[in-house]
Amino acid sequence: MKRFSLFNATSLTLGFAFLYVPILILVVYSFNSSRLVTVWAGFSTKWYGKLFNNEQFLDAALVTLKVGIASSCIATVLGTIAALVMVRGGKFRGRTLFSGMIYAPLVMPEVITGLSLLLLFIALGVDRGVFTIVLAHATFSMCYVSVVVSSRLVSFDESLEEAALDLGCTPFDAFKSVTLPIIAPAVISGWLLAFTLSLDDLVIASFTTGPSATTLPIKIYSAVRLGVSPEINALSTLLIGAVTIGVIVASLATKRAAVHRKRQEELARQED
Amino acid sequence: MSNDPLHPWEDPQATPLIRFENVTKRFGSFVAVDNLTLDIYEKEFFALLGASGCGKTTLMRMLAGFEQPTEGRITLNGEDIAPIPVNKRDINMMFQSYALFPHLTVAENIAFGLKRSDMPASEITGRVDEMLNLVQLSAFAKRKPHQISGGQRQRVALARSLAKNPKVLLLDEPLAALDKKLRQETQFELMDIQEKLGTTFMIVTHDQEEAMTVASRVAVMNAGIIRQIATPDAIYERPNSAYVADFIGEVNLIDGKITSCTETTCTIAWDGGTITAKPRKKLDKGTEVRFAIRPEKVAISSTKPDAVNSVQGKVLDIAYLGNISTYHVETEHGQIIKAQLANAKRLSRRSFTWEDPVWLSWTDTAGIVLTE
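Sequence lines, in order, name chains A and B. Count the first sequence with the working numbering and you get residues 1 to 272, in order. Count the second sequence with the working numbering and you get residues 1 to 372, in order.
Hints are not guaranteed to be accurate.
[What the hints assert, rightly or not] With a straight-line cut-off of 16 Å between C-alpha atoms, the simulated EDC-like cross-links for lysine to aspartate or glutamate are:
#, chain 1, residue 1, chain 2, residue 2
1, B, K144, A, E266
2, B, K338, B, E296
3, B, K88, A, D173
4, B, K144, A, E265
5, B, K88, A, E162
6, B, K142, A, E265
7, B, K115, A, D173
These aren't lab readings, by the way, just hints derived from the structure by calculation. Only a predicted model underlies this, so the values are computations on that prediction, with no experimental measurement involved.
When you get a sec, could you build the whole thing from the sequences and use the hints?
Laid out in structure tokens, this is it:
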């Protein structure tokens, strides 16, 4: 293998440093025993203990979790249906317009999405709270789900569904017992994407929330405005940990499945 | 002959299982199937043969229920099937891509249709085993489709489409994905299975060899219409048009004019002399005809043979195919006639080579006189 040149090594180091040093500092200082974020005074886990006794943070985490699960479920159902219609619906008048409109929220500035939703909720006289955040999150994450699912549907062999119909399925049964299990990985990743988007959204949530519902990003943001406390560092470290474990598990699982599948295909070829 | 159970199409009293009555299918302005009428009988192995885009797949998809005819009607056992949706039709289809469900095992794939029929759950396992035995895949019941080979997948697809015991099985290019050796073996397996079950099979293919091997009758399709329906030997020996003669196998087509004709024999004048042949009916003097003769029915010799029809030429090209060689012989008038000869001798002892002057000859019954 080609050896790293000095230039390559330097740019690689700098690149990674740029990406990960801030996060590393945050993690390190979450174990600082001092109250001051910038002065190291020895190792301690006391901020984690404090965090778990801080009801405000725990409530906010709970709200975030609820919003995330509810909104990503709604977004997954709606996004999958939209993808099905766009890929399978055949040609109908205004199809290009519709598919463009599904993807428009991807590039829409969040401030505008948030503001327009806020105006809508006020006009309708809806009390703002968990319910309105769920609706807002479902609205903007639906298009992400739709993108993920339709890219899978494009490569889906439609004769599979035809075969199901031919063997006696109703169209709904064919979808449920053939199409859905096959596109399930895409639907699940769509759900995860929607869930992640909902977890870390600050802008849209702060526009559409009410006094009763504070999500974790809103809570962190408002707490930081009063000064960064090591408690926030601890909370952020926990979030980073959760995300890292999630990503590692997911990529290991995908890789194992791919290796397993390849081996079995080779076995089948040898028997031929 | 009229009551021969193996040739129901020759019996005017026989009622067909499937009947296409003046069926037309248009996609926008494109006519895929053009006013087509066709009868298919019970227990037939019927082949639809044609180049891609000739409408054969559309015809089959209309029978399966994926497409509706624009005009005309299709009946199964005398009953119009237009109002019956695809999932209620007593017709199953084997897809070109096999369309095996990747998330289900071989056995679950075969059981898929049975679970959606009125077969009691207790009988399904037995039926699945029976089908697995039929296609010799019992050892692979628990495997997923990606864990078996291409040939095995093809057999699973066959077993799955036959499991519900349909009245008609449609096969869409069923062997196209297999390599040549496996394809030939599988053709015979298909015939065996069809004979064993007595189900009516309708196969769609662009491979003429496949159609000729498996089918009881072959329909040659072109541009939405059927050019000829006949048994494989009749299609080959007695094509009704230059199109069919040219489409199936190799053929020499010689243009000429009738100079004299009776019910049993006629003389055709062409650039290279005259040909004596047997017409199907009496033709008028002066009728423009095409004389079609297969290369293997043309004999080749170095001296003038004692034959009804003969013509002199020189060897232009030789295509060596192993078991046979095709000689391209150019007559004095520039017409190229192909003659096929079995390579009974070793190549080095071949009688003719390039540029050799040779005589071609054939009997009066070897060729066929075409007016279309």
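Looking back at the numbered hints, which does the structure fail to meet, lowest number first?
none
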